[in-house]
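Novice: The primary structure of each chain is shown beneath.
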Amino acid sequence: MKILVADDDRIAATVLAQTLRQWEFDVTVAADGGEALRHLQSAATTPTLAILDWMMPELEGAEVCRRVRLEMPLANMYLMLLTSLESKDRIVAGLEAGADDYLIKPFDPEEMRARINVGIRVLALQERLAEQVKDLQDALTNVKQLHGLLPICSYCKRIRGDDQYWTAVESYIAERSNAQFSHGICPPCASALEREIEKHRSARQQD
Amino acid sequence: MKEILDVAALDRQTGGDAGLRAELVRMFLEDCPQRVDAIGAAISVADPAALASASHALKGSAAYLKAATVRECAADLEGCARDGSLADAPAAFDRLRAAVEDLLPELRKLSV
Numbered sequence: 000m001k002i003l004v005a006d007d008d009r010i011a012a013t014v015l016a017q018t019l020r021q022w023e024f025d026v027t028v029a030a031d032g033g034e035a036l037r038h039l040q041s042a043a044t045t046p047t048l049a050i051l052d053w054m055m056p057e058l059e060g061a062e063v064c065r066r067v068r069l070e071m072p073l074a075n076m077y078l079m080l081l082t083s084l085e086s087k088d089r090i091v092a093g094l095e096a097g098a099d100d101y102l103i104k105p106f107d108p109e110e111m112r113a114r115i116n117v118g119i120r121v122l123a124l125q126e127r128l129a130e131q132v133k134d135l136q137d138a139l140t141n142v143k144q145l146h147g148l149l150p151i152c153s154y155c156k157r158i159r160g161d162d163q164y165w166t167a168v169e170s171y172i173a174e175r176s177n178a179q180f181s182h183g184i185c186p187p188c189a190s191a192l193e194r195e196i197e198k199h200r201s202a203r204q205q206d
Numbered sequence: 000m001k002e003i004l005d006v007a008a009l010d011r012q013t014g015g016d017a018g019l020r021a022e023l024v025r026m027f028l029e030d031c032p033q034r035v036d037a038i039g040a041a042i043s044v045a046d047p048a049a050l051a052s053a054s055h056a057l058k059g060s061a062a063y064l065k066a067a068t069v070r071e072c073a074a075d076l077e078g079c080a081r082d083g084s085l086a087d088a089p090a091a092f093d094r095l096r097a098a099v100e101d102l103l104p105e106l107r108k109l110s111v
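Residue numbers (numbering that gives the first Met the number 0), protein chains in the order written: chain A, 0 to 206; chain B, 0 to 111.
Since the hints were derived computationally from the structure, they do not count as laboratory data. What you are looking at is a predicted structure, and each value in this text was computed from that prediction instead of being measured. Even glycine gets a Cβ: it sits at the ideal position worked out from N, Cα and C. Please note that a few of the clues may not be correct.
Distance condition first, Cα-Cα at most 20 Å in a straight line; then the derived EDC-like pairs of lysine to aspartate or glutamate [said to hold, decoys possible]: (1) A:Lys87 - B:Glu71; (2) B:Lys108 - B:Glu2; (3) A:Lys87 - B:Asp75; (4) A:Lys1 - A:Asp99; (5) A:Lys87 - A:Asp100; (6) B:Lys108 - B:Asp5; (7) A:Lys87 - B:Asp82; (8) A:Lys87 - A:Glu59; (9) A:Lys1 - A:Glu110.
Beyond 10 Å from chain B on every Cβ pair, some chain A residues (computed) [as the list claims (entries may be wrong)]: (10) Met0; (11) Glu34; (12) Asn116; (13) Gln125; (14) Ala129; (15) Leu139.
So the derived label-pair ranges between C-beta atoms look like this [as the list claims (entries may be wrong)]: (16) B:Ala45 - A:Leu73: 47 to 55 Å; (17) B:Asp87 - A:Ala129: 48 to 56 Å; (18) B:Gly18 - A:Lys87: 27 to 35 Å; (19) B:Ala45 - A:Ala129: 52 to 60 Å; (20) A:Asp107 - B:Glu105: 21 to 29 Å; (21) B:Ser43 - A:Glu23: 44 to 52 Å; (22) B:Ser43 - A:Ala43: 45 to 53 Å; (23) A:Asp107 - B:Gly18: 18 to 26 Å.
Build the full structure now, drawing on both the sequences and the hints.
Specialist: In structure tokens:
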């Protein structure tokens, strides 16, 4: 699991990054808000957890959250803000800017571990939902191919495709769906066929 | 009275990783004098933004080092800067310098 840590204070960044590495996370460190945003933009297609200090040069942590939600609304990112005890009033503003959670500095290791586990659970859930949406979209694409006005020969029942070729109805449907055909004969056709055979047999006997 | 340095809390913060503790102490010993100087310079030119920034930085790193007195003095200075009450800053700065003088020898003992 990749975690981005963004803090301009090297002591805070070191203790955060090393604690996360002790827990075997793959950690990247950014020294300011601009660098953090660039990392997140390049990781837009990967589930990512980020821990962002509020006060940073170039872009504050809350502004990074706001930009991520604005520019990458579908990115699967769990954003945590770090703020000091005296700045607890910022928590609401941070969550409204797009953060998912917050930690008070200096972080308590056990609390941070528990909150990261929540983040990982949310990211995994989002990932599974995205996979299911993709499966549904794929299924819808198949169904769509059988929609619309189909030109069909009223005599031989062939269908004219987009390529202008006339194709047997079985082939046409099989190519555009997961349906397969097993050939048989329905009772009305069987009765009609029997009558036709009987008619031929009678005609031959009369000859 | 807050503790000048809570070594047990520092060890909990670093997960008992002696290498990490030593690295944090080394960084703090390097950075602290510059930060104190920056705070002094900001007070002497009455620059609240610079005072808020420098004292916020010292407050944050002292908090991770579990140096409660220095953290508290830095927080007081940040409060002076944010409230615009720079008249109180020189006295708070004196308290900070005294706390730093107490703290640095304790940290040097850990870095041996």
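Novice: Against each hint, give a clear statement of whether it holds in the structure.
Specialist: Now for the hints, and whether the structure bears them out:
1. The hinted pair formed by Lys87 (chain A) and Glu71 (chain B) meets the criterion: a straight-line CA distance of about 17 Å does not exceed 20 Å.
2. Our distance criterion of 20 Å between C-alpha atoms is met by Lys108 (chain B) and Glu2 (chain B), whose separation comes to about 16 Å.
3. At roughly 16 Å between alpha-carbon atoms, Lys87 (chain A) and Asp75 (chain B) fall within 20 Å of each other, so this suggested pair holds.
4. Under the criterion of a C-alpha separation no larger than 20 Å, the hint pairing Lys1 (chain A) with Asp99 (chain A) is consistent with the structure, at around 17 Å.
5. Among the hinted pairs, Lys87 (chain A) with Asp100 (chain A) is consistent with the structure: their alpha-carbon atoms are about 13 Å apart, no more than 20 Å.
6. Distance restraint check for Lys108 (chain B) and Asp5 (chain B): the Cα-Cα separation of roughly 13 Å lies within the 20 Å cut-off, and the hinted pair is therefore satisfied.
7. Using a Cα cut-off of 20 Å, the hinted pair Lys87 (chain A) and Asp82 (chain B) holds, with the two alpha carbons roughly 17 Å apart.
8. Using a Cα cut-off of 20 Å, the hinted pair Lys87 (chain A) and Glu59 (chain A) holds, with the two alpha carbons roughly 16 Å apart.
9. Between the alpha carbons of Lys1 (chain A) and Glu110 (chain A) the distance comes to roughly 19 Å, so the proposed pair stays at or under 20 Å and holds.
10. Every CB of chain B lies more than 10 Å from the CB of Met0 (chain A), the least distance being 18 Å, so the non-interface label holds.
11. For Glu34 (chain A), the shortest C-beta to C-beta distance to chain B comes to about 18 Å, beyond the 10 Å cut-off, and the non-interface label holds.
12. No Cβ of chain B comes within 10 Å of the Cβ of Asn116 (chain A); the nearest lies about 16 Å off, and the non-interface call holds.
13. Once the 10 Å rule is applied to beta carbons, Gln125 (chain A) is consistent with being away from chain B; the minimum gap is 29 Å.
14. Even its closest Cβ contact with chain B, about 34 Å, leaves Ala129 (chain A) beyond 10 Å, as expected for a residue assigned away from the interface.
15. Once the 10 Å rule is applied to beta carbons, Leu139 (chain A) is consistent with being away from chain B; the minimum gap is 49 Å.
16. Take Ala45 (chain B) and Leu73 (chain A): their Cβ atoms lie about 48 Å apart, and the range 47 to 55 Å holds.
17. Roughly 54 Å separates the CB atoms of Asp87 (chain B) and Ala129 (chain A), a value that falls within the hinted 48 to 56 Å.
18. The hint said 27 to 35 Å for the Cβ distance between Gly18 (chain B) and Lys87 (chain A), and at roughly 33 Å that hint holds.
19. In this structure the supplied range 52 to 60 Å holds for Ala45 (chain B) paired with Ala129 (chain A), their Cβ-Cβ distance being about 54 Å.
20. In this structure the hint that Asp107 (chain A) and Glu105 (chain B) lie 21 to 29 Å apart at CB holds, the actual value being about 23 Å.
21. Taking 44 to 52 Å as the suggested C-beta distance range, the pair Ser43 (chain B) and Glu23 (chain A) conforms, at roughly 48 Å.
22. Checked against the hint of 45 to 53 Å, the C-beta distance between Ser43 (chain B) and Ala43 (chain A) comes to roughly 47 Å, which is consistent with it.
23. The beta-carbon spacing between Asp107 (chain A) and Gly18 (chain B), approximately 21 Å, falls within the hinted interval of 18 to 26 Å.
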